[in-house]
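Asker: Model the full assembly from the supplied sequences, consistent with the hints where possible.
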Amino acid sequence: MARREGKSRSSRRLGILGFVGSATAAWMAVALLGPAERVSAHIVPAEKLHPAVASYRRMVFLLNLNPVLWDEVHKDSEVIAAYAGRVAPAEGEAYKHAADAALTRVMEAAASADGLGPQERKQAARELFELSTRAVARTVAAQLDAAEKSLGDYSKASRALNEARQLWAAFEHEIRHSDAPFFAEAGKCWLTMSSALGNPGVLGAGYVAADASAFRAEAGEIRGYLAASFGAEYRAPELGWLQPLPVKSPTFSASAEVPARLPPGSEINKQLPRPRQILNMTARGVNESETVLIALGDMAFDSPYIFGEPAQSLQISCNTCHNKSITNPQVFVPGLSHTAGGVDVSSSFFAPHANNGHFDPLDIPDLRGIRFTGPYGRNGRIGSLREFVRNVIVHEFGGPEPDPLMLDGMIAYMNEFDFLPNEKLNAGGTLSGKATDAERRGEKLFRTAFAGMNRMSCASCHIPSANFTDGRRHNLGTVKGSGPYSRDGALDTPTLLSAKYTAPYFHDGSQPTLRSVVEWFNAQFKLGLSTAQVGDLTAYVEAVGDGEEAYEDTMHTLEAEMEEFSFFLSAYEYLKRSGKQELIGMTMQTIAGEIRAHKWDVQDQQYLPVLDRLAELMDEAYTASQRGDVAAVDKKVAEYRKLYEQQKENLK
Amino acid sequence: MRAQVRLLAVALLVFIGVKAAWAQPRELRIVFIAYENPDQLMEDVRPVVAYLEARLGRKVRPFVASDYAGVVEALRNETADVGFMGPLQYLIAHEQAGAQAILGEVYNGQPWYTARIFVRKDSGIRTLADLRGKTMAFVDPLSSSGYLYPLETFRRAGLLAKREEAEQFFRKIYFAGGDEQALRAVLNKFVDAAGIGQYSFAMLRPEERDQVTYIGESPKIPSHCVVARKGLDAASVAAVQAALLALNDGPNRGLLKQLYNVDGYVKVTHETFAETERIAKEYGFLKKR
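So the sequence lines, in the order shown, correspond to chains A and B.
Under the working numbering, the first residue of the first sequence is numbered 1, with each subsequent residue one higher.
Under the working numbering, the first residue of the second sequence is numbered 1, with each subsequent residue one higher.
No lab work stands behind these hints, which were simulated from the structure alone.
A couple of the hints might just be wrong.
Said to hold, decoys possible - Derived DSS-like pairs (lysine-lysine); straight-line CA-CA distance at most 25 Å:
#1 A:Lys188 / B:Lys230
#2 A:Lys188 / B:Lys121
#3 B:Lys121 / B:Lys230
#4 B:Lys134 / B:Lys172
#5 A:Lys434 / A:Lys444
#6 A:Lys642 / A:Lys652
#7 A:Lys188 / B:Lys189
#8 B:Lys257 / B:Lys220
#9 B:Lys257 / A:Lys48
#10 B:Lys267 / B:Lys230
#11 A:Lys48 / B:Lys220
#12 B:Lys162 / B:Lys172
#13 B:Lys162 / B:Lys134
#14 B:Lys162 / B:Lys287
#15 A:Lys270 / A:Lys500
#16 A:Lys188 / B:Lys172
#17 B:Lys134 / B:Lys121
#18 A:Lys96 / A:Lys122
Stated by the list, open to error - One-sided excerpt, in silico: chain A residues whose CB lies under 7 Å from chain B:
#19 Leu151
#20 Gly152
#21 Ser155
#22 Lys188
#23 Leu191
#24 Ser194
#25 Ser195
#26 Asn199
#27 Leu203
#28 Gly206
#29 Val208
#30 Phe388
Stated by the list, open to error - Computed footprint of chain A on chain B, listed as stretches where at least three residues anywhere in the stretch have a Cβ under 8 Å from a Cβ of chain A:
#31 71 to 79
#32 138 to 145
#33 176 to 183
#34 207 to 213
#35 238 to 251
Quick caveat, the model's predicted, so the values are computed rather than measured.
Beta carbons: idealized from backbone N, C-alpha and C, even for Gly.
Answerer: Here is the structure:
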């Protein structure tokens, strides 16, 4: 389904510029139209930002982290400098000089024997933040100057105004939340300036003269605000998190909270088509309505409310990274990720108290068959899945101590995750009659002891009869240690089952394909495999990692999602009997949020109001649960179930 | 005498041949409109140009204009043969430069779209009449879906008789410069309502969409069109039509993404725009005859 927009000016611009290479955009379609038009609303398109703004906002995010990725900061400062240099050459040059000097200083300190101390880091981050904030504010003013000077030349003036308007977005989020009166005022200023450009008409028809005085007045207001807030004297207030707050504005609200955001370049959408999740109980044909502990765990797995801030506000749940219990190879957050599908969960962003102080993003693991793959964590540091999940909630995503019942539920749910069925493997992990000759040759190599591997074979660790893992940790030299002769490089042996669908590979996602993994072993351990043998071994590993129907055969996920929400709700009576009011509230909140996230997927939009009502019923049930009104919650839950049963054929 | 007749016949044939060659220039010049980055646009349309060259058997030269005035001007002064534009711009180009619409774009299976009047759901505004004395954002004074048809929507609701009355009906009118800017002005409460193209709604993020709705819809607007300059020979027009229509179902359908992301094309004639022409005259964009 192609994306569609309004058919004038900016909308058409998006049409021609926005679609190229954007799978996300391809899934954005039409809303509020009719049966023919669809959207995949849970696939949220990236905000469109001016490159200098994207760099500024990403840089501000990076500067707040510990550690700061100075190389990345440098790249963004270069973008800002290049743009500022084009718009206001003298100031752009001054910015570049000052930013480069600060970065050189801090990077030299970081590389020195003493390393970079916290105070030095914070000071350098503050300096770069202030420099960049002033520089970007200056570009807005410079573009407004350019637009004002070009009034009468519509093309030129509108381009400059458009640039200025886009640059304003560098500060808009903070102004919106901390200075609402000026946010509204500025909105009118931009509209007035746009109107004051006039219109050149077409061959004389529709000509409207520019209104220079109206333009000047509004441009002056924006310039004045920026000069007062982020001008030459700007110093960041001592508030901990660096962000461009307009503290000098008379209407600034010091008590306002500015919601956290992920930086430009982030991707936390789930993949489409979805990976096929196999729950053992479902595969056995169990009626889901009576597996309430699993239902509770499924809800918690999909709920951002088990986490703390900022994960909760950003609507991040376990399902974000382990989409349908698998892995989400798209996840990327600048400053936290080194490659798509990897995140540093021991960083200062989600849970500053548990930051380990160094950048160590890990490839997001596939959770299929997790009951067979302990110990947990890439370095196998925790033996108990329950303890591991608690650690994720509390110390990786800043959540409160989880309710023991909820934790039990999550483990019950996760223990249902099965590997993909694989017809090429027998129960003991040997190849079945479905395997090819190349795969059989590969199997032989897999079980061959190599001198380079201390007379061990691949199968020594990836034990075929033990789901292709040995449950132990080995140091293969893939981890850069803390220092010479350190012993901190051992990693848990990953299973090879279903691995064909979990690229990239290794703890850091450094190997893009299974063949590259085989080649790495061949080179690292001097196995002496010929190219043909590498091919055979790869074929075997791919056969082991294969599986039937790895992805769902539809792009429309609403029907399955709605069924899942009913499954969540099946735990309600049990939670009520157990007196778990908090978990009841969490269930309602999660269902309401999930319906709203998925509702735009509905293929026939006349049923949007049904979805709205279902979400409202969960809101109302949540409110009632918060005031302890059990009867009201009962009523809302019953209404929800009834409406869903009546309408479920339409909610696809 | 017979020799003279033969000579005359040969001369006539040569003349016809030369005229035919003259009438069909070696290259076809197409003007595209770029709102942001012209270099990027030229890059994006490269496969389209290659397709057309192969299909038409002649060189195709793309040009970029930064606004519709540039497109229309290029057709008028014959620096371009074919261009892309909205219905209102086409009508002006037709009136003043004899341009002819040859194809219409298809959106969601239809060669038309509508304008809608969007408001915030929590604004308390339920009808078009509620917008009396309120602030209004349009896109551009020369926009079909972002001005002309929204005004027509109010006129048909009996709230306005002509364009000038809009100034009195609304407390303040803004031209936001784009559909998205106008819609976001509503979302952010800078204005009470926006009159814009129906598809603009998809520009909002999912959580934003829940905050706005529309309270009025215009009559059908003919879709944006492919326009040939006055005097472009019939063979070239037919060839361009056939080449672009072949994208609808053919193996090169993917190229439609590069052509403003449309679903396809249909043949149109000037008659397709008759109602728009009538409205445009009412509002003074075209001369009344």
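Asker: Which of the listed hints are broken here?
Answerer: 1, 3, 11, 19, 20, 30, 35
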